[in-house]
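From just these sequences and the hints, can you work out the full model?
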Amino acid sequence: MATEHAGNAEHALTPSSYIEHHLSFNAQPVSDGAGFWTLHVDTFVMSVALGLIVMGLVWLVARKATSGVPTKGQAFVELVFGFIDDQVKNIFHGNRHSFIAPTALTVFLWVFAMNAMDFLPVDWVAGIVSFFGGADAKWRAVPTSDINTTFALALSVWILMIFFAIKVKGLGGFVHELFCAPFGSKIWVWPANFLFNLIEYVSKPLSHSLRLFGNMYAGEVIFLLLGLWAATGVTGTIAGAILGAGWSIFHILIVALQAFIFMMLTVVYLAMAHESH
Amino acid sequence: MNINFTLIAQAIAFAVLIWFTVKFVWPPLLKAIEARQKEIADGLAAAQEGRSALEVAAKKSEVTLTEAKQKASEIIAQAEKRGTQIVEEAKGNAKSEGERIIAGAKAEIDQEVNRAKEGLRAQVSTLAIAGAEKILRKEIDAKAHSELLSKLAAEL
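Same order as they appear, the protein sequences are chains L and U. In this text, residue positions in the first sequence follow my numbering: the first is 1, and each later residue adds one. In this text, residue positions in the second sequence follow my numbering: the first is 1001, and each later residue adds one.
There may be inaccurate statements among the hints.
Stated by the list, open to error - Only pairs whose alpha carbons sit at most 20 Å apart, straight line, appear in this in silico DMTMM-like list of lysine to aspartate or glutamate:
| id | chain 1 | residue 1 | chain 2 | residue 2 |
| --- | --- | --- | --- | --- |
| 1 | U | Lys1031 | L | Glu78 |
| 2 | L | Lys138 | L | Glu20 |
| 3 | L | Lys64 | U | Glu1039 |
Unchecked claim - Pairwise CB distance ranges, derived in the manner of DEER restraints:
| id | chain 1 | residue 1 | chain 2 | residue 2 | range |
| --- | --- | --- | --- | --- | --- |
| 4 | U | Gly1043 | L | Gly56 | 44 to 50 Å |
| 5 | U | Glu1055 | L | Ile91 | 43 to 49 Å |
| 6 | L | Arg63 | U | Glu1055 | 41 to 47 Å |
| 7 | L | Val69 | U | Ala1045 | 18 to 24 Å |
| 8 | U | Gly1043 | L | Glu177 | 44 to 50 Å |
No lab work stands behind these hints: they were computed from the structure. Quick caveat: nothing in here was measured; it's all calculated off a predicted structure. Beta carbons are placed, not taken as given, at the ideal position from N, Cα and C, and that holds for glycine.
Rendered as structure tokens:
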């Protein structure tokens, strides 16, 4: 939130270079040619570390889970478990425990943890990274403000969706549904049905991923703009700090809400794949 | 904002996390929660059972108590009856015993009277003989008439 760092820049720091620095990834080529074969090390390290920490903590509790009087940690984990399980139970009517409910738990906790990195003051992260890696070192702390992360999740869900659709209905049933739903099985509506389904299958991962990405990216940009304001002087610093605090508090809601929406859409898409029309 | 290899790396990370949760996180939690739910359900059922058992026992104890009271009053009534019976019996016994004693005494008295009569009779005959002897001494020989006299005495 507080962004004193922006003010005392050593070398000519313009607003655009400040924002550009904060919005660039620590991209490293993994192969000779750049382009596609680049890895955002910051995104990847942060997300994997968060995933390991969050799911590891839950695992530590789950490993020693007792049916007797639970510890406070177990009670908390069970609270989350019950919350997710209830949501899935309302949407998906099948054996949810074998795959869909655990997936929902993973998505919710992981996305929540990644979103929550937005609470780290942007300039503190930049300060720590430039302390170790020099002024040009880049590090973006919020993996979900990287389109690669959200798109990876949405695309994985999309693949699972098609996998379950084929698994439940068979390949024939899946293709049949592509052409015969939602308008009927008459041959002259086949193109319309196919076009409809095509749009649906394309729009699902796009809306799924871009919603989360857009929210987190916009949140980060607003923090940066408030940081820029702080560079204008004392008044700007105070106003920026107050607004930054307000935005952070509001962001608690957005972080939780977007994680919840992402989880719910995942469950809904996977549940829809199990239903035949 | 370009799509690159990060996408694939993140997808793999996602897959691994899902696998981990499906395999290691979800089952123990589910097991613990379901076991607890079952325990609670069993406990509630046991409590319900206990409550109904208590009700049955209360009813049974009431019945037993009533029975015991009835039996006790029966026993008391019987004892009273038996008591009066014993008293009656004792009374009867005492009466008959008294009558028997009285009858014995009466018989003894009769016997005594008879003996006294015998004695008197013997004495009267002796006296009569003595009187007659005194009278007849003068006129008859005692020897000649003693046989007659003893005959007379025996007849008395």
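For this session: Could you tell me whether the CB distance from Val69/L to Ala1045/U stays inside 18 to 24 Å?
Result: Since the Cβ atoms of Val69/L and Ala1045/U sit about 20 Å apart, the hinted range of 18 to 24 Å holds.
Exercise. Does the Cβ distance between Glu1055/U and Ile91/L fall inside 43 to 49 Å?
Worked result: 44 Å, holds
Exercise. Cβ-Cβ distance between Gly1043/U and Gly56/L: within 44 to 50 Å?
Worked result: Distance hint for Gly1043/U, Gly56/L is violated at roughly 34 Å.
Exercise. Given the hint that Lys64/L pairs with Glu1039/U, does the C-alpha gap stay at or below 20 Å?
Worked result: Judged against 20 Å, a Cα distance of about 18 Å means the pair holds.
Problem set entry | C-beta pair Gly1043/U, Glu177/L: status relative to the range 44 to 50 Å that was hinted | The hint (44 to 50 Å, Cβ to Cβ) holds, given that Gly1043/U and Glu177/L are roughly 48 Å apart.
Problem set entry | Given hint Glu78/L paired with Lys1031/U - CA-CA distance at most 20 Å | 11 Å, holds
Problem set entry | Consistency of beta-carbon spacing, Glu1055/U to Arg63/L, with hint 41 to 47 Å | Between Arg63/L and Glu1055/U, where Cβ atoms are some 45 Å apart, the hint holds.
Exercise. Within a Cα-Cα threshold of 20 Å, do Lys138/L and Glu20/L meet the stated pairing?
Worked result: 10 Å, holds
Of the numbered hints listed earlier, the single one contradicted by the structure is hint 4.
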